[in-house]
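Enquirer: Sequence lines, in order, name chains R and G.
When we follow my numbering, the leftmost residue of the first sequence carries the number 573, and every step to the right adds one.
When we follow my numbering, the leftmost residue of the second sequence carries the number 429, and every step to the right adds one.
I should point out that these hints are in silico values taken from the structure, not numbers from a laboratory.
In this text, all values refer to a predicted model and were calculated from it rather than measured experimentally.
We put the CB at the ideal spot given by N, CA and C, even for glycine.
A few of these clues could be false.
[What the hints assert, rightly or not] Derived DEER-like restraints, expressed as beta-carbon distance ranges:
no. : chain 1 : residue 1 : chain 2 : residue 2 : range
1   : G       : SER665    : R       : GLN574    : 29 to 39 Å
2   : R       : PRO706    : G       : SER518    : 41 to 51 Å
3   : G       : SER518    : R       : THR736    : 42 to 52 Å
4   : R       : ASP752    : G       : GLY699    : 20 to 30 Å
5   : G       : SER518    : R       : ALA761    : 19 to 29 Å
[As the list claims (entries may be wrong)] Stretches of chain R that chain G covers, calculated by requiring three or more beta carbons in the stretch to come under 8 Å of a beta carbon on chain G:
no. : segment
6   : 580 to 594
7   : 597 to 603
8   : 654 to 663
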Amino acid sequence: MQGLSDFQSALGAFLTSSPAAPPDPELMRQLCPGGATPPDRLAVYKNNVHTRLIEALRDTFPVVTRLVGEEFFRFAAREYIQEDLPRCGVLLEYGKFFPQFLAAFEPAESVPYLADVARVEYLYLEAYLAPDEPPLTLADAEVAWKRPLEELEVALHASARLMTSAHPVSRIWEINRHPDPVRRTRIPATGEYLLIVRPQSVIDVRRLSPGAYAMLLALEAGFSLATAIDFAHNAERNFDPLRQLVALVSGGAFAAAGRTRG
Amino acid sequence: MNCLPQPDCTSASSPLPTHVGIGLKPRHYQELLRDVPRLAFLEVHTENCMGEGGPPHRYLEALAARYPLSFHGVGLSLGSAGGIDHAHLSRWRRLIDRYEPALVSEHIAWSAHGGIFLHDLLPLPYTEESLVILCTNIDDMQTSLGRSILVENSSAYLTLNQSAIPEVEFIAEVTGRTGCGLLLDINNVWVSACNNGFDARRWLACIPGDIVGEIHLAGHAITAVDGHELRIDDHGSRVSSEVWKLYDETVARIGPRPTLIEWDTNVPSLGDLLAEASRAGAVAGHREPVDARPQ
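Isolated chain R (complex conformation) (with noise of 0.2 Å):
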């Protein structure tokens, strides 16, 4: 008889192989029959897994879905799980490298913002979840920030993430994250530096300056503020460093419990 192991193995296989595959026939010799012969018995555990993956995937890509119809997102989504099958018991971040995935699909080449839309998703997804902690507010930065300026290491906000796009992404997400019909609507045309945060229960996709990502980033690196701003300063000409921390700072993009170099 065969082992409990080799059993889950079969299964499995079967389970997540593609839709129209057939069982193993050693896998069918373990069956009982009841009413409906047992392919068809086995079709509704195969569907069941399958379901739950696209209906995880819809969640986390509603935007997605949307841009392309359901019919082709369930498509792609079938596709993708025949690429990477979950391998953590946590449903809700399955998707991580769905827009990877996308990126490099095909069938979806003719939607060529389609991959950063689905990877403002998922760093939303990452924010909602991010564990929760006091931002840093205008008053603690001036006490905080009292100490010469290469030696302030400034740490991001826990739920921050930063990510650039070749097109208008945040602008192609915010019109298409409602149900409403979208209205004919003219966007520039033009890259995006982004910051998505939860500082407190709202997540804010904040687009930024060219120096103000490239501050960001460097701090993310743990590089002190003063070289942050000098890679700012690179990134962009007239890089206002005051102006543009007050503006991160009200928008909650650092943590409260900051750390200071030596």
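We have chain R already, so just place chain G on it with the hints.
Expert: Using the frame of chain R, we list chain G on its own:
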């Protein structure tokens, strides 16, 4: 085998009041906090709270101050031949430490193998090997969480040729060897009985009353597969009349238990869900007022 003490699952000492609770759904958060309807407990799918922070925890903390909680897991895969995932168990432990729920439960099923998580509750052949594996994994969970748990009987769309032990004996053996209790899902019994041709009433009559720590009630769908009727355990509608009847008989036999109305797909309004809860509360053995919240 490291056995925890046998839990006392009688209604007098169950950690939850013997009345009716509902499954917690995000669409009801605001209304529950505003109106605080009379309910004995809220049941939470543990995996839905496994993000580190964010709005789900804010709501859960606010609701935990008003209701006892039951944490019901769907992702630990207690029936896995390769053992349970300790990273997942650590997430469980953090939640238990944070919320100290009144009840903790998982399933007699498997959903992961070889590092792949299938996110479906899959059937276990009822053999001595499965029994040993399941009991080892339950011990692992109980030891890690420092408390006894309940395990739920799953619904099945087929029976496995390998199964050598009748399901009720298998369940009684699991509770006896590990000290865990049974979360008796009466809808699952009915769905499995219809799909696999056994007598649900006789099945239920064989379950020792003292192992039952909680009861689940849910709706199911009826579909046709290859010309044969098949019942699908989708938790997407009202509890069926047959399941109400079996619930009534079970409560008459074993006495009242904390009872949950599960409605996970096509989630109704809170009002409709509370109406189902009231109906459960009115069934034999639940004649006292439904409000059993601790003050």
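Enquirer: Honestly, do R:ASP752 and G:GLY699 meet the 20 to 30 Å range at C-beta?
Expert: Between R:ASP752 and G:GLY699, where Cβ atoms are some 27 Å apart, the hint holds.
Enquirer: Assuming the hint says 29 to 39 Å, is it satisfied by the Cβ distance from G:SER665 to R:GLN574 or not?
Expert: holds (37 Å)
Enquirer: Falls inside 19 to 29 Å, the C-beta gap from G:SER518 to R:ALA761?
Expert: About 47 Å separates the Cβ atoms of G:SER518 and R:ALA761, which means 19 to 29 Å is violated.
Enquirer: Under a C-beta cut-off of less than 8 Å, do 3 or more residues of the segment 654 to 663 of chain R approach chain G closely enough to confirm the stated coverage?
Expert: With 7 residues closer than 8 Å to chain G, the segment 654 to 663 of chain R meets the three-residue bar; holds.
Enquirer: If you look at each residue in the segment 597 to 603 of chain R, do at least three have a Cβ nearer than 8 Å to any Cβ of chain G?
Expert: holds (count 3)
Enquirer: Quick check on a hinted range of 41 to 51 Å for R:PRO706 and G:SER518, using CB atoms only.
Expert: Since R:PRO706 and G:SER518 have Cβ atoms about 26 Å apart, the given range 41 to 51 Å is violated.
Enquirer: Looking only at beta-carbon atoms, does the pair G:SER518, R:THR736 fall within the given range of 42 to 52 Å?
Expert: Hint violated: Cβ distance 34 Å, outside 42 to 52 Å.
Enquirer: Against chain G, does the segment 580 to 594 of chain R show at least 3 residues with beta-carbon separation below 8 Å?
Expert: holds (count 6)
Hints 2, 3, 5, counting from the list given before, are not met by this structure.
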